[in-house]
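Read top to bottom, the protein sequences are chains A and B.
The first sequence lines up with residues 20 to 120 when you count with the working numbering.
The second sequence lines up with residues 44 to 245 when you count with the working numbering.
Take these hints with a grain of salt, some might be off.
[Claimed, not checked] Derived EDC-like pairs: lysine to aspartate or glutamate, alpha-carbon spacing no greater than 20 Å straight-line: (1) B/Lys185 <-> B/Asp168; (2) B/Lys115 <-> B/Glu83; (3) B/Lys115 <-> A/Glu55; (4) B/Lys171 <-> B/Glu182; (5) B/Lys185 <-> A/Glu97; (6) B/Lys185 <-> A/Glu55; (7) B/Lys115 <-> B/Asp93; (8) B/Lys171 <-> B/Glu188.
Simulated from the structure, these hints should not be mistaken for lab results.
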Amino acid sequence: MSPRFEVGASVRVRNVSPPGHLRTPFYIRGCQGVVERICGPYRNPEELAYGNRQADRVPLYRVRFAQHHIWPDYCGPEQDTVDVELYEFWLEPTSENAHAA
Amino acid sequence: MPHEPAHPTRPDQDAPLTYYQLLEQAVRELLIEKRLLTAEEIRAAVERMDARSPEQGARVVARAWADPDFRKRLLQNAPAAVAELGIEIGPLQLTVVENTETVHNLVVCTLCSCYPRNLLGLPPDWYKSREYRSRAVREPRKVLEEFGTVLPEEVTVRVHDSTADLRYLVLPRRPEGTAHLDEAALAQRVGRDAMIGITVPD
Numbered sequence: 020m021s022p023r024f025e026v027g028a029s030v031r032v033r034n035v036s037p038p039g040h041l042r043t044p045f046y047i048r049g050c051q052g053v054v055e056r057i058c059g060p061y062r063n064p065e066e067l068a069y070g071n072r073q074a075d076r077v078p079l080y081r082v083r084f085a086q087h088h089i090w091p092d093y094c095g096p097e098q099d100t101v102d103v104e105l106y107e108f109w110l111e112p113t114s115e116n117a118h119a120a
Numbered sequence: 044m045p046h047e048p049a050h051p052t053r054p055d056q057d058a059p060l061t062y063y064q065l066l067e068q069a070v071r072e073l074l075i076e077k078r079l080l081t082a083e084e085i086r087a088a089v090e091r092m093d094a095r096s097p098e099q100g101a102r103v104v105a106r107a108w109a110d111p112d113f114r115k116r117l118l119q120n121a122p123a124a125v126a127e128l129g130i131e132i133g134p135l136q137l138t139v140v141e142n143t144e145t146v147h148n149l150v151v152c153t154l155c156s157c158y159p160r161n162l163l164g165l166p167p168d169w170y171k172s173r174e175y176r177s178r179a180v181r182e183p184r185k186v187l188e189e190f191g192t193v194l195p196e197e198v199t200v201r202v203h204d205s206t207a208d209l210r211y212l213v214l215p216r217r218p219e220g221t222a223h224l225d226e227a228a229l230a231q232r233v234g235r236d237a238m239i240g241i242t243v244p245d
């Protein structure tokens, strides 16, 4: 499965709360960031958690978020960031990309 | 008459085994009974895990400080680079992030306590605490200050939330005035906390 997003792409984390074992922290859901790195394909941990050793491999990304986007009252300079590892099915393109395409 | 001064004691743990303790014991006994593993192999594996310590990580950092080509390889492909030092890290996707004049890296796992154990041993208690896990992403500069690390405004604080398959090791900046030190002496200057990014070596 080839990765859907390129390094530098603007992405948004899906703001959903499905039941079960999830690997996307609450604080980052709904936030917009930029793909910093494509980490490679890894078996979906949300299925591995239930014993499915044949879980599909899905692209994993490291996405960089501006602290001030995550926390509007963040106490620190503009340039501070958080990198979070996110699986592709948690990400959607932002309208910025749609306009570019 | 008491033969020793009183000291605080830890209560005996006489409560019944929990579900997971029982499960572990049952699986372990089955593995031995079916001759898939011996008790000695299990004991030795636990001993190996207990023996891991931040010294492994410090060796990696010292080599990177002393050898610019190694540093480059370490940043590009950390598992292959540490294998050169005879450090076996298994399947974990080790990723080294470098502190520079303008960037300071800090590692946290907000979901649990993911940590590069093969290089750093067991994580400290504070790393696993809910307080660190929540505050390191929310107000990292304040947390850094509480550990004595005050960074200028113009330095970017880059927090890494270790939520999935990568494990992060911070490559700190080499302290001033260490040009005369050899690799072994350099390694002495690298503490565990600097490799998590909560302090800087001095």
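List of violated hint numbers, smallest to largest: Failing hints, ascending: 2, 6 and 7.
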